[in-house]
Amino acid sequence: MGKDDILLKVDGLVKHFELSQGFWGRKAVVQAVDDVSFHICQGETLGLVGESGCGKTTVGRTVIKLYEPTAGAIVFDGRDITGLKEKEMRSLRKRMQIIFQDPYASLNARMTVGDIISEPLIIHSLARGPKLREQAVKLLQKVGLSPNYINRYPHEFSSGQRQRIGIARALAVNPDFIVCDEPISALDVSIQAQVVNLLEDLQQEMGLTYLFITHDLSMVKHISKRIGVMYLGKLVELAESSELYQRPLHPYTRALLSAIPVPDPDAAAQKQRVILKGDLPSPINPPAGCRFRTRCQFARDICSRSNPEMIQVGLKHMVACHIVINRLTDRFFNK
Amino acid sequence: MYEIPKEKFNPLLERNNDTADIIRPGVTYWGDAWHRLRQNKMAMLGMYTIILIILLAIWGPILSQHSYSDQYLDKQGLGPSNEHWFGTDGLGRDLFVRVLYGARISLAVGLVASLLNLTVGVLYGGIAGLAGGRVDNLMMRMVDMFYSIPLVLYVILMMVLIGPGLKSIFMALGLVYWLEMARVVRAQILTLKEQEFVMAARALGASQARILFRHLIPNCMGPIIITVSMNIPLAIFTEAFLSFLGLGVAIPMASWGVLASDALPAIRSYPHLLFFPAMAISLTILAFNFLGDGLRDALDPRLRK
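Residue numbers (this note's numbering), protein chains in the order written: chain A, 454 to 788; chain B, 381 to 685.
Hints were generated in silico from the structure; no laboratory data involved.
One thing to keep in mind: the hints can contain errors.
Claimed, not checked - Pairs of lysine-lysine residues, derived as DSS-like cross-links and limited to a Cα-Cα distance of at most 27 Å, are as follows:
1. A:Lys538 x B:Lys386
2. A:Lys584 x A:Lys462
3. A:Lys591 x A:Lys547
4. A:Lys678 x A:Lys547
5. A:Lys584 x A:Lys547
6. B:Lys573 x A:Lys540
7. A:Lys724 x A:Lys678
8. A:Lys480 x A:Lys547
9. A:Lys480 x B:Lys573
10. A:Lys547 x B:Lys573
Values in this document were obtained by computation on a predicted structure and should not be read as measured data.
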């Protein structure tokens, strides 16, 4: 994989939200995303997992500039889009789209399906008049919905169908890159598979690149080539999917993977579950040093003193943990 | 046992089994709301009353053979009769026509109030809510400022500046009657703009104006309509009340407030002079309030059955 293939490169992305508290406007800062770096190659799917509130949605929304990044750089197809104004972004919006988690909130209840799907075409003047209708019908067929639905309103559909409408809207501008922000977590398991398969088919057909955000660990393994694990606004481990599932290094990744339900009771009895102590700390006041140290059974002094960097430990495996790095280097020199 | 003859069985011919082709006509939000409104008898009564009043106000004075300023000097202060349905006033003018003229003024006041609500109020609140932050703060503090001064003060100020009459009442209403709508719309937009469909529109590259007019405002139509329908009777009542105090429409124009005020000195001899305009005021305001209540219930999706 050459460097030219990189579609999206994110370097040291930081997103803080300011909250004003109380009458005198004391400012609190939510450190939603702190120093996250990764890249996504053309046609690839990068999975992003983590528990609720770890900042994965914020990452997804910031890389397509729905939020202004506080610091860091976002390079899309070789072009730095970090500082671009909304007007300059408009032409790029055709190339990057997003599919949302909640299929109820993400469709305007006052617009018909046809209007929803043709809106992107109108905004970017991609079609007009009778062609607009034609395109909308094509898009509906592409996501497996009957063209007869074109004049209906979103509330007349099931959640799976609504999610398909959301996908059709994202596809309307013929994008290169789609952020899938937990597109399946609000759906039934049977429908989850349908939607994931649809996403995979579309990827092959249209050469799409996905950033797939989810907390469903078995689904993310299925769909993505590489997976990043986030904890409290930080990326803690990034590896190829098979590598991550076979050889998880970061203690948090291990705890997370041990929580995947196994459909075989014998195997499940064998499995050791890593139970984390304590609660997720507040992102307003995250622990100094390693953010995971308050819940980590291996934590030592160094963890509270310095913030672990992402360090390459394998061909495509990076991890941010003092303990893991120490052990690996010890093992390397002892041998 | 009864044998079913074999020839009665036929293989099922292949036919179009595409069930998706059977389309139920889509139920729109408004269709649904209208359906619920129709079941509310009081609201429908209110609506028909309003339509009747509007029709009478427009056509009544034209069809009547009397004019609002014609005096019948031989028929002063008569009670209701065949010729003069509401009787005549102390100067021998036909009260029915004068009440209908009053309806014109009241409806004009209601129309102005609702237009202001729908244009200035919705736009102002929409822009403040969408912009947020410092702009929002500044715009809403202006609203608070206007709100803190009583309406009567505005009216008196306007009368000093441009003289008494309908114009000064309209100006005063203009200063005040969009404020509540601005607040309602802003509050709605603050919650709506965080929703994912707005985020989706933004991701599609929609302009701020498009987001405001295509996505946000259509989604607050419910509260907007309710606020308008509650504000119209309030404006009508305010006009009647100001005219009653002598701060409104000047003679010989007739507004319901003026008619009621004129009737007061002779209330013992000619009570019908007070009764008819007062009845017109109460009927109109009741009708608007019933309709407003009905609309509030009909547009609230939580009440969907």
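Okay, the hints, checked on the actual structure:
| no. | hint | result |
| --- | --- | --- |
| 1 | A:Lys538 x B:Lys386 | violated (78 Å) |
| 2 | A:Lys584 x A:Lys462 | violated (36 Å) |
| 3 | A:Lys591 x A:Lys547 | holds (18 Å) |
| 4 | A:Lys678 x A:Lys547 | holds (25 Å) |
| 5 | A:Lys584 x A:Lys547 | holds (18 Å) |
| 6 | B:Lys573 x A:Lys540 | holds (20 Å) |
| 7 | A:Lys724 x A:Lys678 | holds (25 Å) |
| 8 | A:Lys480 x A:Lys547 | violated (36 Å) |
| 9 | A:Lys480 x B:Lys573 | holds (22 Å) |
| 10 | A:Lys547 x B:Lys573 | holds (22 Å) |
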